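2 protein chains.
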Amino acid sequence: MVTIRDVGKHAGVSVATVSRYLNDKGYVSEETKNVLKKSIQELGYKPNQMARSLSTKKTNIIGLLVPDITNPFFPELAKAVEETAFSNGYTVVLCNSSEQQEKEKHYIQSLQQNYAAGLIVTTNYTEAEYYRHIKLPIVALDRRLDPTIPTVTTNNVEGAKMATNYLLEQGCKHILCIRGPQGIGVAEDRMKGFLEVVNNAQDIQVETITSPFEFTEAEQKAFNILSAFPTIDGVFAASDASAIGAMKAAQSLGRKIPDDIQIVGFDGISLGALVTPELTTVAQDIYHLGKVATELLLKKIKEEPIDNHLIELPTELVIRRSTK
Amino acid sequence: MVTIRDVGKHAGVSVATVSRYLNDKGYVSEETKNVLKKSIQELGYKPNQMARSLSTKKTNIIGLLVPDITNPFFPELAKAVEETAFSNGYTVVLCNSSEQQEKEKHYIQSLQQNYAAGLIVTTNYTEAEYYRHIKLPIVALDRRLDPTIPTVTTNNVEGAKMATNYLLEQGCKHILCIRGPQGIGVAEDRMKGFLEVVNNAQDIQVETITSPFEFTEAEQKAFNILSAFPTIDGVFAASDASAIGAMKAAQSLGRKIPDDIQIVGFDGISLGALVTPELTTVAQDIYHLGKVATELLLKKIKEEPIDNHLIELPTELVIRRSTK
Chain A
1 MVTIRDVGKH AGVSVATVSR YLNDKGYVSE ETKNVLKKSI QELGYKPNQM ARSLSTKKTN
61 IIGLLVPDIT NPFFPELAKA VEETAFSNGY TVVLCNSSEQ QEKEKHYIQS LQQNYAAGLI
121 VTTNYTEAEY YRHIKLPIVA LDRRLDPTIP TVTTNNVEGA KMATNYLLEQ GCKHILCIRG
181 PQGIGVAEDR MKGFLEVVNN AQDIQVETIT SPFEFTEAEQ KAFNILSAFP TIDGVFAASD
241 ASAIGAMKAA QSLGRKIPDD IQIVGFDGIS LGALVTPELT TVAQDIYHLG KVATELLLKK
301 IKEEPIDNHL IELPTELVIR RSTK
Chain B
1 MVTIRDVGKH AGVSVATVSR YLNDKGYVSE ETKNVLKKSI QELGYKPNQM ARSLSTKKTN
61 IIGLLVPDIT NPFFPELAKA VEETAFSNGY TVVLCNSSEQ QEKEKHYIQS LQQNYAAGLI
121 VTTNYTEAEY YRHIKLPIVA LDRRLDPTIP TVTTNNVEGA KMATNYLLEQ GCKHILCIRG
181 PQGIGVAEDR MKGFLEVVNN AQDIQVETIT SPFEFTEAEQ KAFNILSAFP TIDGVFAASD
241 ASAIGAMKAA QSLGRKIPDD IQIVGFDGIS LGALVTPELT TVAQDIYHLG KVATELLLKK
301 IKEEPIDNHL IELPTELVIR RSTK
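Those sequence lines, one after another, are chains A and B. Per UniProt numbering, the very first residue in the first sequence carries number 1; after that it's consecutive. Per UniProt numbering, the very first residue in the second sequence carries number 1; after that it's consecutive.
Just so you know, the hints here were simulated from the structure itself, not pulled from any lab data. If you're wondering where the values come from, they're calculated on a predicted model, not measured in any experiment. None of the hints are false.
All copies of an identical chain are treated as equivalent in the list; a pair is satisfied when it fits inside any one copy or across any two copies.
Mimicking PhoX-like on lysine-lysine, the simulated pairs with C-alpha atoms at most 20 Å apart in a straight line are:
#1 K46 - K105
#2 K46 - K103
#3 K324 - K161
#4 K291 - K302
Work out the full structure: start from the sequences and follow the hints.
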C-alpha cells in the first residue's frame, strides 16, 4: 500500500508538507501542490479516510434519521437527500428508528462518535431533550425541533385548508377528519387548517379520529367510524397512507368513491396514483423538500450564512378520481 | 472529557492495561477487569470509536447496498436488516445506488475505507468485476453474485411455476408475461419457471414483454400490448410493482379484473393488499429474507462456520381478488 511517506519521497518534499496539502491546513506553494497532485496520481495513493477523520474530526458522512422507512414518504425523501448529498461529495447514512426513541438516541450518539459532518432529522420525538445537546450541524426536515435549528417543511396549515375547502365546494356535508398523532407538528398544523375552515362553515357536521400515518390502523379505525355514521360523505386524511386505508374501509362497506364518499389525502406519494380510484391529495414536492434540506445542511457544514431559518414550501392540490 | 489515562489512574493500572482491556487483546486478570469496569462506569468514560476502529481496523457498521429505495420491496428488506443488525449491536448504513454503477462502486470503496464490518448486497450489476475484489465479509441478498459468496434468496423458479400453474387452473388461455430486466438472476429465474409451465401446456398463447421492477414503465408497456391483443386473459408479472402497473393499464382499457383478465404478481409487498382489486401474488417472506441474510453476515463477521452457502426460502401463493 502506498503511504504518505512514499508520496513525500516521490514528490521530493517532507511528510509534513504532504500532510498540510492533504488536510488543506497551512501553507503549501502552488508549485508544490501541482507536484503533489501528480505524485498522488502516479502512485495511486489513497488517503486513509479514517486516519484523516481522526485528525480533522470530520468525515463526509451525513446522517438522515427517519422514523419509519416503510412509510413511502420517507424513501422518496431519502432518495432526494442521498442524490443531493452525493453530488456534493457526501455519503448518506440512513438511520431508521422504527419509532423507537432508544434507537434514535443510539444513532445520534454513533454519528457523533464517528464524526459525521451533519444530521438531517425527521423524528417524531420533537420534544426530546437530546436534540438540544447535539454538537453537529443539524437541519430539521418536515418537523420543527427548535427555533435555533434550521427547518424545511411544507406549509401544512394552508395545504389542509385547501383540501377542506375543496371538499366543501364539492358539496360534502358530513366530513370525517383522520388526523395524525398528537404532538407531531405536521399533524397539529394539518388539523389546525382543517378546523379553521370547518369552524367558519355553515351546516357542516364533523367527526374526528386519530391514526398514525399508516395504512392498517387507519383502515380499521375508518371502518368503525364509517359504519357508525353512514351519512359521512367526505374524508380529509392527514396523510396519503391513512387516506388509502380509509378508501379500503369505505370500499369494503360498499360505499362508492367518489359518488357516496369523497376522499382527500395529504403528502403526494407516488402510490396515490396507483390505487383505484386514484387519490386526490395535497401534494408536497417531496423530492424538493429533501433537496432543499440537504442544501441547507451543506451550508451549515461549510459555515456559510443562512438567510432563512424556516423554509416553508407550498403545496398543490392534485385532483384525481377520489373526489367528484 | 474523560481519557484512557484518567481510567488507568482511577483504577490504579497502566494505560497499556486499559488499552488491552478495551480492545480485548492480550491478558488482563479477572480482578483487574472488574476494577476497570467500575472505573469506566464511575468516570463515564466513552471510548473514542474512531480511534479504536483505526487500531482494530473494524467498526460495527454493516453496509446495505440497494438499487432503488423507492421500490417498496427494499424499504421492507432494509427494516429487517436494520432491526436484526441493531439487536446484535451493529449499525446499518443504507446505500441507495439509484441503479448507478459508479455510485455503487463509490459506496463499496467508502465502506471499505471506513472499516465497515461487512456488506449485504442486492445490486443489479451482478457481473461487476469489483465484487470479486471486496475484502469485507459479504452476503448477497436476493441476487447471486458468485458461488463463493453466501447467498440468501427466494426459490424464484418454483414461485413462478406456482403462479403460472394457478393462471392455467383458472382457465387462462392467452397469457402475458411481464418479465424483469435481462441478466438479473431473479428475473431470469422467474422467467424460467414461467416457461417451464407454459411450454408443457396445451393450447396456450403467450406474449412476453420486459419491464423494470417499477410501476410506470410497466403500465405503459402493458397498455400497449393489452391494446394490441384484446384476447389476453391472464398476466404473470415478475414483480408486484409491474403487476400493479398492468392492473392500471387493464383498468384504463376498461378490462374488468378478474372477470376479463386475471393478474398475478411476485414479491408480496404490503402495497399489494392496498390496491383494488387486491393483488394475488407469489409472496416472499421479505422480513425473513432480510433477517436470515443479516444473521448469515454476522456469522461471517465472527468467522463462524457457515453450513449452507445458498439459502433458498420458499414462496407462498397469496390468493386475493385479482384472480377468480
